[in-house]
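Chemist: Chain residues, written in single-letter form:
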Amino acid sequence: MDLRFGDSKPTDEERAAVDALLGPPESSWEGADRSDADLRWARGGRAARDRRDLLLPGLHALNDRVGWISEGGLDYLCRRLTVPPSEAYGVATFYAMFSVRPRPATVLHVCTDLACAAAGAPKLCEAAEARLGPGSGVKVERAPCLGLCERAPAALVIRAGESARPAFEDEVRSGPKGGPGAQLPGNGIEKGRRGRRTAVCAPATPDTAVQAATTPENAPEEPAAALAVPQAPDPRLLLLGRVGTVDPAGLDDYRAHGGYTALRRAFALGPAGVIREVTDSGLLGRGGAAFPTGRKWQATASQPDHPHYLVCNADESEPGTFKDRVLMEGDPYALVEAMTVAAYATGARHGYLYLRGEYPRALVRMEHAITQARARGLLGDDILGQGFSFDVEIRRGAGAYICGEETALFNSIEGFRGEPRSKPPFPVEKGLFGKPTVANNVETLVNVLPILTLGAQAYAAIGTGASTGPKLFCVSGSVARPGIYELPFGATLGELLTLAGVRDGLRAVLLGGAAGGFVRPDELDIPLTFEGTREAGTTLGSGVVMAFDDTVPLPRLLLRIAEFFRDESCGQCVPCRVGTVRQEEALHRIAARTGADAAADITLLREVGRAMRDASICGLGQTAWNAVESAIDRLGAYE
Amino acid sequence: MTVTPLGIPRRLLEFTLDGEPVRAPEGSTILDACRAAGKDVPTLCEGDTLTPKNACRVCVVEVEGARTLVPACSRKAEAGMEVRTGTERARHSRKVVLELLASSVDLSTTPRVAEWLKEYEAKPDRFGPDAARLNEEPRVDNDLYVRDYGKCILCYKCVDACGDQWQNTFAISVAGRGFDARIAVEHDAPLTDSACVYCGNCIEVCPTGALSFKSEFDMREAGTWDESRQTRTTTVCAYCGVGCNLTLHVQDNEIVKVTSPHDNPVTHGNLCIKGRFGYQHVQNRD
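So the protein lines, in turn, are chains Y and H.
Under the UniProt record's numbering, the first residue of the first sequence is numbered 1, with each subsequent residue one higher.
Under the UniProt record's numbering, the first residue of the second sequence is numbered 1, with each subsequent residue one higher.
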C-alpha cells in the first residue's frame with residue numbers, strides 16, 4: 001500500500017483529539033516529527049494496518065472535539081492508522097452524524113420521524129430553524145427517529161468541545177446527584193472554551209429546544225429511565241423488574257437485586273449446558289428477525305476457527321423502537337452480565353457493544369457499568385475465579401440505520417463503510433474480522449438472565465408454544481401512557497393498547513416500525529406473537545406498536561417512511577438505492593390523490609416494491625416497501 | 001513455453017439448472033454454470049478479473065427454498081440446488097433493476113444494455129420526467145482519462161481494481177450514502193490531488209464507459225469515435241522486462257486507446273501508466 005497524504009495539516013486541537021485516543025505518534029511514519037531513526041527503517045505494514053478498526057472511534061474523536069472532520073484532521077488520523085485517505089473519506093461521509101464541511105460546534109438534532117412528526121415535530125423544527133439562524137452558533141439538523149418516542153417530540157443537542165476522556169464523561173462527573181452543568185470537566189474553562197456536552201430535550205418546545213441548544217450545560221436533567229416504563233416499579237417483571245428500583249450506577253445494588261446469579265448458574269452449567277438451556281427455552285432473537293438464539297450460539301461455539309467474537313447490537317434505530325435504550329439506561333449491569341454469559345457459552349473472549357450514537361445517556365451508563373464490572377473482577381481475566389476471561393469494548397455508531405444489520409455492523413466496527421455483506425457466509429462462520437461471531441440484540445441477551453435463573457422449562461412456560469418468554473413493546477403515538485411494556489407473548493394488540501390507554505379515533509397501528517406494517521383498528525385481536533402476527537400477514541419486528549389517530553394524514557406518514565428509507569439506504573445495491581428514491585417520488589405524486597388518479601403510481605409502487613423485496617442485498621431494501629404496501633392493502637390508503 | 005496452471009482437481013457438483021441436470025466444479029458460481037450451459041444471464045457489476053461484488057442485482061436467479069432471489073455472480077453452486085434463471089419473478093426483478101438504472105444513469109455507452117432493455121421490455125421513462133437522475137458533469141481534470149459519473153452505476157469495480165484486489169493504490173472510494181453515493185478521491189478533490197498513479201486499471205474494468213481515455217472522450221464529443229473503423233492489435237509492451245500484453249485500438253492509423261487481455265496469466269488485464277497511456281511516441285513522426 002503506497003499511501004499519499006495531502007498537504008493539509010491538522011490543528012493542534014485535532015491532533016490532540018486523535019492523540020488522546022491513539023496515544024502520541026511514535027515515529028514520523030505515524031505523523032511525528034522526523035528523527036534520524038525514522039530514516040533507517042520503515043514502520044507500518046500489517047501491525048499498523050491492524051488498527052483499522054480504530055478509524056470510527058478516531059472520526060468520533062475529531063467530531064467530538066471540533067464538530068466536523070477537516071481535511072487536515074482526517075489526513076492526520078489516516079497517517080496514524082495507515083488508512084488510505086480516500087477510504088477514510090468514504091467512511092466519514094457514510095455517517096449522518098459526521099460532517100466533512102465546516103459547521104457550528106453545536107448541532108441540534110430534531111427528530112422528524114413518525115411519533116415526533118405526529119406530535120408536532122415539523123413546527124418545532126421550523127421554529128428552531130427560524131430562531132437559530134446562521135449567527136447563533138447552532139446548526140439545526142432534521143434527524144431520523146432518536147428513540148425517544150415516549151416523550152415526542154424529541155431533540156438532541158450535541159456540542160463539540162474538549163472533554164476529559166472520550167465523550168460524555170462529563171455527564172458521569174456531574175450526575176446523578178450534582179445535576180448537569182455542576183462541573184465542567186477538564187481545563188476547557190481556563191482556555192475560554194466550553195467542553196463537550198450533550199442534552200436531550202424531550203418533549204421539546206421551541207423554547208426548551210433553543211435554550212438547550214444555546215446552553216446545553218444548563219439544560220434540565222433528563223427524567224429517569226423508569227419513567228419510560230409505565231409498569232415500573234414492578235419486581236415481577238422479568239426484563240424490566242430492576243428498572244426504577246435498582247441504582248443504574250451501583251454494582252452492589254445490582255447484586256442485591258439478584259444480579260450475577262445467572263452468571264454463577266452459567267458457570268455451574270458449563271458452556272454446553274448454557275447453550276442447552278437457551279435452546280430449550282425457545283428464545284428467539286428480539287431484534288426483528290426472530291432467529292433461534294440457541295441455534296446461533298451452538299453454531300458459533302462449534303466453529304473450530306478462533307477467536308470467536310460476541311457482538312451486542314445496540315444500534316437501535318428502527319423508528320419507534322426505544323426498548324434497548326431503556327434497558328441500558330435503567331439496568332446497565334444486566335446487559336454486562338448477559339454478555340458475559342453469552343461469551344462464556346460461545347467461547348468468545350472479546351465482546352463489542354455497538355451502541356447507537358444518538359444515545360448519550362445509555363453510553364455513559366454502559367461505560368460506567370463496564371468500568372465497574374472490570375474493577376470488581378466481573379470482566380477481564382479470570383472472572384469470578386472461574387478461569388474465564390472476557391472483556392467488552394463499546395463502539396459508538398454515528399448515525400446509520402443500516403448499521404443495525406449485523407454484517408453492516410461488522411464492517412462499521414472494522415472501520416469500513418457500514419455496507420452489508422452478502423450472505424452466505426453467515427456471521428456464525430465468518431463474522432467480525434472474518435471470525436465466527438455471535439451477534440445478538442440487547443433484549444435477546446437480557447432474556448438469557450431469567451432463562452438461567454428460572455430454568456429453561458419455567459421460562460418456556462411463559463408465552464405461547466412457538467414464542468416463549470416475555471416481550472418488550474415500544475408503545476408510542478396516540479396513547480395516554482406511552483413507553484415500554486413487558487408482556488408475556490400471546491397478549492393481544494388490543495390488550496396492550498388498552499394498557500397504554502389508547503385514545504379515541506384510532507385510525508391505524510404500525511407494528512414493527514418503518515420496516516413493519518400497518519394494521520386496522522378492527523384487528524386489535526391479533527395475538528402479539530411471532531406466529532400470530534405472521535398469520536395475520538404482518539410482523540412483530542422489534543416490538544414497535546405505534547398508534548395513530550385520524551388527525552394524522554396517512555399519506556404524510558407514508559411519505560416520511562419512504563424518506564427514511566431513501567436517507568438510510570447505504571447505496572450498495574441498485575434495487576434499494578434507486579428503488580427507495582422512486583418509491584418516495586411516487587408517494588409524493590399521489591400525496592393528494594385517490595382512486596383512479598393514484599392507480600398508475602400504485603402499480604408502479606408495487607412493481608418497484610416487489611423488486612426491492614426480491615433482489616435487495618439486505619433487510620433494509622427487502623422491507624422498505626412493507627409499510628407502504630400494508631397501508632395500501634389493509635388501510636385502503638389512496639382509495 | 002507457456003505454463004497453464006491446472007490447480008487442484010475439483011469435485012463436480014450436480015444440481016438442476018432450469019430443470020436440466022448440470023455438473024459444475026466445486027467452488028464455481030451459478031453464473032459460471034449458466035455460462036457453461038450457454039445461458040445468457042445479464043451482468044453489469046460482475047468482472048472476470050474481480051471478486052463478485054453483487055451490487056447491481058441484474059443477474060438474480062431463483063433458487064428453490066431461498067426467501068429472496070440470489071445473485072448468480074456470487075452465489076456458489078451447491079449440490080442438489082434447484083436454480084431457475086428465467087422465471088417471471090427473476091425476470092421482473094431484472095426488468096425493474098434495468099429500469100431503475102436506465103432512469104437514473106446515462107447508459108448510452110454501456111455494452112449490451114439496449115439489447116437487455118428490449119429483451120426484458122423495460123420502460124425506464126415510466127418513472128416520469130421528474131425522476132431523479134445522477135446529473136453529474138464529466139470531470140476532465142487531467143490529460144489521460146475522464147471520469148463521467150453521470151454514467152456510473154456504482155458497481156465498485158474501479159474501487160476494487162484500484163484497491164486491494166489489484167493496484168493497491170486506494171486512490172478512490174465510494175463516498176456519501178444512498179442515491180448520493182459517488183466514487184470519489186479523498187475530499188472529493190481533482191484526480192491530480194489524489195493518490196492516483198494513472199495506471200488506468202479502473203478504466204479497464206469500468207462496465208459503462210463512465211471512465212474513459214481522454215482520447216476516446218474527446219472523439220466521442222467530436223462525433224468521430226467509430227468502433228467499426230477500429231482495429232485491435234495485441235502486442236507486447238516495450239517499456240520494461242515484464243512483457244505485459246497491450247491491445248492497441250487503432251482508428252485512422254492513430255492509437256486511440258489501450259487495453260490489455262484479461263486472460264493474460266500474469267497481468268490479468270492490468271497495466272501501468274507507461275503501457276496504458278505512453279503510446280504517443282509511436283505516432284510522433286516529426
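Keep in mind that the hints were calculated from the coordinates and are not lab data.
Since the model is a prediction, treat every value here as computed from it, not as a measurement.
We put the CB at the ideal spot given by N, CA and C, even for glycine.
There could be a bad hint or two in this list.
Said to hold, decoys possible - Simulated DEER-style distance windows between Cβ atoms:
#1 Y:Ala591 / H:Thr87: 15 to 23 Å
#2 Y:Gly377 / H:Arg11: 45 to 53 Å
#3 Y:Ser8 / H:Val236: 40 to 48 Å
#4 Y:Arg46 / H:Gly65: 36 to 44 Å
Chemist: Against each hint, give a clear statement of whether it holds in the structure.
Modeler: Right, here's what the structure says about each hint:
| no. | hint | verdict |
| --- | --- | --- |
| 1 | Y:Ala591 / H:Thr87: 15 to 23 Å | 35 Å, violated |
| 2 | Y:Gly377 / H:Arg11: 45 to 53 Å | 51 Å, holds |
| 3 | Y:Ser8 / H:Val236: 40 to 48 Å | 42 Å, holds |
| 4 | Y:Arg46 / H:Gly65: 36 to 44 Å | 41 Å, holds |
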